[in-house]
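Order-wise, the sequence lines are chains X and S.
In this text, residue positions in the first sequence follow my numbering: the first is 9, and each later residue adds one.
In this text, residue positions in the second sequence follow my numbering: the first is 2, and each later residue adds one.
Errors might be hidden in some of the hints.
Stated by the list, open to error - So the derived label-pair ranges between C-beta atoms look like this: (1) S:E103 <-> X:S167: 31 to 41 Å; (2) X:P302 <-> S:E263: 51 to 61 Å; (3) X:Y75 <-> S:K129: 28 to 38 Å; (4) S:N296 <-> X:L94: 30 to 40 Å.
Just so you know, these hints were derived from the structure itself, not from any lab.
C-beta atoms are modelled at their ideal positions from N, C-alpha and C, and glycine is treated no differently.
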Amino acid sequence: MMSLMTQKSIPAKKPLSDWFRRNVAKLVVAPTFGLIIFFVYGFIAWTGYVSFTKSKMLPTYSFEGFYQYIRLWKMTPWNVAMENLLVFGSLFILIAIVLGCLLAIALDQKVRAEGVLRTVYLYPMAISFIITGTAWKWILNPGLGIQNLVQSWGWESFSFDWLINSEMAIYTLVIAAVWQSSGFVMALFLAALRGVDSEIIKAAYLDGASLSRIYLVIILPTLRPVFLSCFFILTHMAVKSFDLVVALTGGGPGYSTIMPANFMYEMTFRRNQIGLGAASAMMMLATVMAIVIPYLYSELREKKNG
Amino acid sequence: MKSFTQKLALTTALVSSIALGAVSAQAEPTAEVLHYWTSGSEAKAVKALKEDFEANGGKWVDAPVAGGGGDAQAAVLRSRVLSGNPPAAVQIKGLSIQEWAEAGALGDLTKLGEEEGWDDVLPPLLQKIVKHDGKYVAVPVNIHRVDWIWANPKSLAKVDGEPPRTWDEFNALADKLQAAGITPLAHGGQPWQDGTVFETVVLGMGGAEFFNKAFIEKDMATIKSDTMKKVFDQMRKMRGYVDDDFSGRDWNLATSMVMRGEAAMQIMGDWAKGEFLAAGKVPGKDFLCVPTPSNGGYILNSDSFAMFNVSSEDDKAGQALLARLILGEKFQETFNLYKGSIPARMGVPTEKFDECAVKSMNDLQSASESGALVGSMAHEIAASGAIRGAILDVVTEHFNSDMTSDVAVERLAEAIELAE
């Protein structure tokens, strides 16, 4: 009787434990997967739906078509915000990559105390944008910072008032953001430079190529993946930038330095315009998508071919 | 299992209803109060209310949400209402009271209001703010006057200046101050501060009727009128009277510029008085409070508590007690002495209030009678958050660029139309 039972119970148990063993990875991932589906993609879908309604203080659910989008693009502050994103984004990405790359090449020349220098350049990344913004607000304030300092040295006519000039204030954001991020870009490039095969470089030397030519023709082209990574990391930082604006300029003077994220916050949480806020959030998502989808597409295709 | 939970729920309901029945004879008034008064004199003022409430047998559940001038609180409130569990009393003001009332989220205090005779003690404009469809849905706590000039008498004396009574006098005085090397106007370049100055100029140059037509009725002819262009001309002049570093400055830093004599005047609501008093300055001697030129006008800002729909008897009793206390003479006096504002009800004894507050009380009375009393646009009494934001966008852009007045009124009309 006993032996019969054990014999029977073993085949009954085995498929279950087998199934468990086969699916343990999926089971472990499932809860987080579910949470992400709900809290990220679910809420993106919800926001997308709300952007097609006339929601004001509280969300409503009657479909109104593109009403909010039409309104959005008629509003001057939104157009200013999108222009700012374009100016800030392109300058920030370009300068941070060029500067980061040059710093990395400079550090790659086997300089003394490289470890210290590397840390010095990388350190701003450890600071939050709020702190960066506040510090630069003081540095750039004409009455407190650089202008005041230079004038006190005797150059009375010196003027550096970008922070309070609505035409130039957007560039102060570029300065602060580049200061913060170029060290990080440098670290990425430095790691990649160390990975370049030194045999190739030695061979090029023997062939009589100059240092600048070696970098331009041989080394930099091999760093293409790093350029791409930097580009995407910096792009999403630019689109998301919110705290730097709040701390450095507060969107001012006027609203000349607002970014789409600031606009979205203002509309949704201060002006009780949830529908309009949702529409602007969807536009930000579309901006990111416009950059990420071609990238993903090319990456996936390359893998298939490779 | 299911039947067990059902039984459990039934017993709990039974027990609690018995308990409730036993208590309701002497109902324990409970009020959860959601507010954003978390610092300085405001926190003290709320504490005074809490102590008063508890001394009268109430149970106070404090729900402070710090930060963002109420933005953070608005997010909390929204989710609480959507989840069907609103706090009993919430610190909201102006047109958001009407918005919440339209959403059907507010309770009705009309019976209590009749018993307490609120119709007789509240200024008519204030009644309009806290009533929806003729029913009381909120209680006002205080009245702030927005249209003040805070002046440093020593700076004015240096140019033999008198506080201005018209905007022309203001400009003349400012020119003299500037020639003497004193910054005429201490100002912080933040949209709401630009808006505060703007609305005092609108009231001063257009009068109360013009003010209401522009900001409440949103009448396009008024908004595009020559008077509005003159208002923007004056704003352009004001831009010349502020110092170079005004961009982004907080209002209290501008106040301390007046205190130190670096600047002669600041246009700001009477919360600025608290800064002077905290620094040990004496009104009339170390600083002057004079209304901005407006021919007897008065721009009112008022904080209030809206009473949300609650179901339990305890909560209802709590709301009634809270509302009664808030509009009681005793609390109106203590609270507003802390906060620097004036009582929301008329007829509170004036002895303990300072010179500026007494002037504010008298002016309120006369402005209310002459019809020159208006609700603040920049502080969301006369205009909703969306309209206010749209107006402030244009005002602040004009102030920080070389936009002409003609373009500014066109942009103002456009922005208001889009915001609705």
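Each hint, compared with the structure:
{"no.": "1", "hint": "S:E103 <-> X:S167: 31 to 41 Å", "result": "52 Å, violated"}
{"no.": "2", "hint": "X:P302 <-> S:E263: 51 to 61 Å", "result": "55 Å, holds"}
{"no.": "3", "hint": "X:Y75 <-> S:K129: 28 to 38 Å", "result": "31 Å, holds"}
{"no.": "4", "hint": "S:N296 <-> X:L94: 30 to 40 Å", "result": "48 Å, violated"}
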